[in-house]
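Starting from the given sequences, assemble the full structure and let the hints guide the process.
Protein chains in written order, with the numbering used here: chain R, 1 to 117; chain C, 1 to 117.
If you're looking for bench data, these hints aren't it; they were derived computationally from the structure.
As the structure is a computational prediction, the values presented were derived from the model and not from experiment.
C-beta atoms are modelled at their ideal positions from N, C-alpha and C, and glycine is treated no differently.
Check each hint, because a few of them may be wrong.
Unchecked claim - Think about it this way: if two alpha-carbon atoms lie no more than 27 Å apart in a straight line, the pair counts; the simulated DSSO-like pairs of lysine-lysine are:
1) R:LYS109 with C:LYS71
2) C:LYS11 with R:LYS38
3) C:LYS57 with R:LYS3
Said to hold, decoys possible - Each pair of labels, with its calculated beta carbon distance range:
4) C:GLU105 with R:GLN2: 14 to 24 Å
5) C:THR38 with R:THR20: 22 to 32 Å
6) C:GLN84 with R:LYS16: 39 to 49 Å
7) R:LYS3 with C:LEU39: 14 to 24 Å
8) R:GLN57 with C:THR2: 29 to 39 Å
9) C:THR76 with R:LYS16: 45 to 55 Å
10) C:ASP63 with R:VAL46: 30 to 40 Å
11) R:ASN58 with C:SER73: 35 to 45 Å
12) C:PHE74 with R:VAL46: 31 to 41 Å
13) R:GLN83 with C:LYS57: 34 to 44 Å
14) R:GLU56 with C:LYS14: 44 to 54 Å
15) R:LYS3 with C:LYS57: 14 to 24 Å
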Amino acid sequence: AQKVTQAQTEISVVEKEDVTLDCVYETRDTTYYLFWYKQPPSGELVFLIRRNSFDEQNEISGRYSWNFQKSTSSFNFTITASQVVDSAVYFCALSEPDQGGSEKLVFGKGTKLTVNP
Amino acid sequence: DTGVSQDPRHKITKRGQNVTFRCDPISEHNRLYWYRQTLGQGPEFLTYFQNEAQLEKSRLLSDRFSAERPKGSFSTLEIQRTEQGDSAMYLCASSLAVGTPLRGEQYFGPGTRLTVT
Numbered sequence: 001a002q003k004v005t006q007a008q009t010e011i012s013v014v015e016k017e018d019v020t021l022d023c024v025y026e027t028r029d030t031t032y033y034l035f036w037y038k039q040p041p042s043g044e045l046v047f048l049i050r051r052n053s054f055d056e057q058n059e060i061s062g063r064y065s066w067n068f069q070k071s072t073s074s075f076n077f078t079i080t081a082s083q084v085v086d087s088a089v090y091f092c093a094l095s096e097p098d099q100g101g102s103e104k105l106v107f108g109k110g111t112k113l114t115v116n117p
Numbered sequence: 001d002t003g004v005s006q007d008p009r010h011k012i013t014k015r016g017q018n019v020t021f022r023c024d025p026i027s028e029h030n031r032l033y034w035y036r037q038t039l040g041q042g043p044e045f046l047t048y049f050q051n052e053a054q055l056e057k058s059r060l061l062s063d064r065f066s067a068e069r070p071k072g073s074f075s076t077l078e079i080q081r082t083e084q085g086d087s088a089m090y091l092c093a094s095s096l097a098v099g100t101p102l103r104g105e106q107y108f109g110p111g112t113r114l115t116v117t
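As C-alpha cells, then:
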C-alpha cells in the first residue's frame with residue numbers, strides 16, 4: 001500500500017531563514033510519481049512539482065529546491081530565504097502512473113509553515 | 001478565469017438533508033477527481049472520471065454519495081441524508097491525461113466547505 005509521511009506537523013521560522021520540509025514515502029512499485037502542493041489559507045491546492053521515480057536529480061526553481069533520494073524513500077523540499085508569503089500548509093503526495101486505473105494522489109498530512117516577519 | 005471552479009464555496013446544512021456540489025474542470029481536461037479533506041489531514045481520494053465514465057470509487061464513498069459527470073464536462077457530487085461526519089472540504093481536481101501510460105498533473109479547485117449541524 002502507498003503511504004506518505006510528513007513527520008513535521010508545524011514549523012515556524014523567521015523571514016529569510018531557510019527551511020526544509022521532510023517527506024518519506026512507501027510504495028511497492030518501481031514506477032511512481034512524487035508531488036508537492038501548497039495550500040495557502042485561501043484553501044486552493046497549488047501544484048509545485050512532479051518528479052518521477054527514475055529521475056533522482058535534484059531540482060531548483062527560484063527559492064525552491066527538492067532533494068529526491070530513493071535510497072531513503074525521501075523527497076524533501078527546501079525553501080531558501082523564506083518570505084511571509086510562503087506561509088501555508090505544504091503537502092507531499094504520491095501516485096502510480098495509470099495502469100488502466102487512476103492517478104489518484106495519496107497525500108501526507110501536511111506541514112504547516114509559518115514565516116514570521 | 002480558466003481554472004477549476006467549484007460551487008458553492010460554503011454549505012451549511014442540517015443532518016439528514018441532501019446536498020449537491022458542482023465542479024467545472026479546466027476546459028478540455030479529460031479527467032476529473034473528487035477528494036475530501038478533513039481538518040488537519042491531507043486530501044483523500046473519493047472518485048474519478050475519465051471523460052464521462054466513473055472508473056474508480058474509494059471505499060470512503062458510501063452508498064449515500066453519488067457522483068456524475070454527464071457529457072464529460074462538469075461534475076456533481078451529491079450526498080444524501082448528510083451526517084455530521086460528512087463535514088469536510090470537498091475538493092475537485094482536473095487533469096489532461098495523455099501519453100502511455102496516461103498521466104497529467106492535477107489542478108485543484110478552491111473546494112466546497114460543508115458543515116453539517
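Hint check results:
no., hint, result
1, R:LYS109 with C:LYS71, "violated, 34 Å"
2, C:LYS11 with R:LYS38, "holds, 24 Å"
3, C:LYS57 with R:LYS3, "holds, 18 Å"
4, C:GLU105 with R:GLN2: 14 to 24 Å, "holds, 18 Å"
5, C:THR38 with R:THR20: 22 to 32 Å, "holds, 27 Å"
6, C:GLN84 with R:LYS16: 39 to 49 Å, "holds, 44 Å"
7, R:LYS3 with C:LEU39: 14 to 24 Å, "holds, 20 Å"
8, R:GLN57 with C:THR2: 29 to 39 Å, "holds, 31 Å"
9, C:THR76 with R:LYS16: 45 to 55 Å, "holds, 46 Å"
10, C:ASP63 with R:VAL46: 30 to 40 Å, "holds, 34 Å"
11, R:ASN58 with C:SER73: 35 to 45 Å, "holds, 40 Å"
12, C:PHE74 with R:VAL46: 31 to 41 Å, "violated, 22 Å"
13, R:GLN83 with C:LYS57: 34 to 44 Å, "holds, 41 Å"
14, R:GLU56 with C:LYS14: 44 to 54 Å, "holds, 52 Å"
15, R:LYS3 with C:LYS57: 14 to 24 Å, "holds, 21 Å"
Of the numbered hints given earlier, the model fails hints 1 and 12; all others are met.
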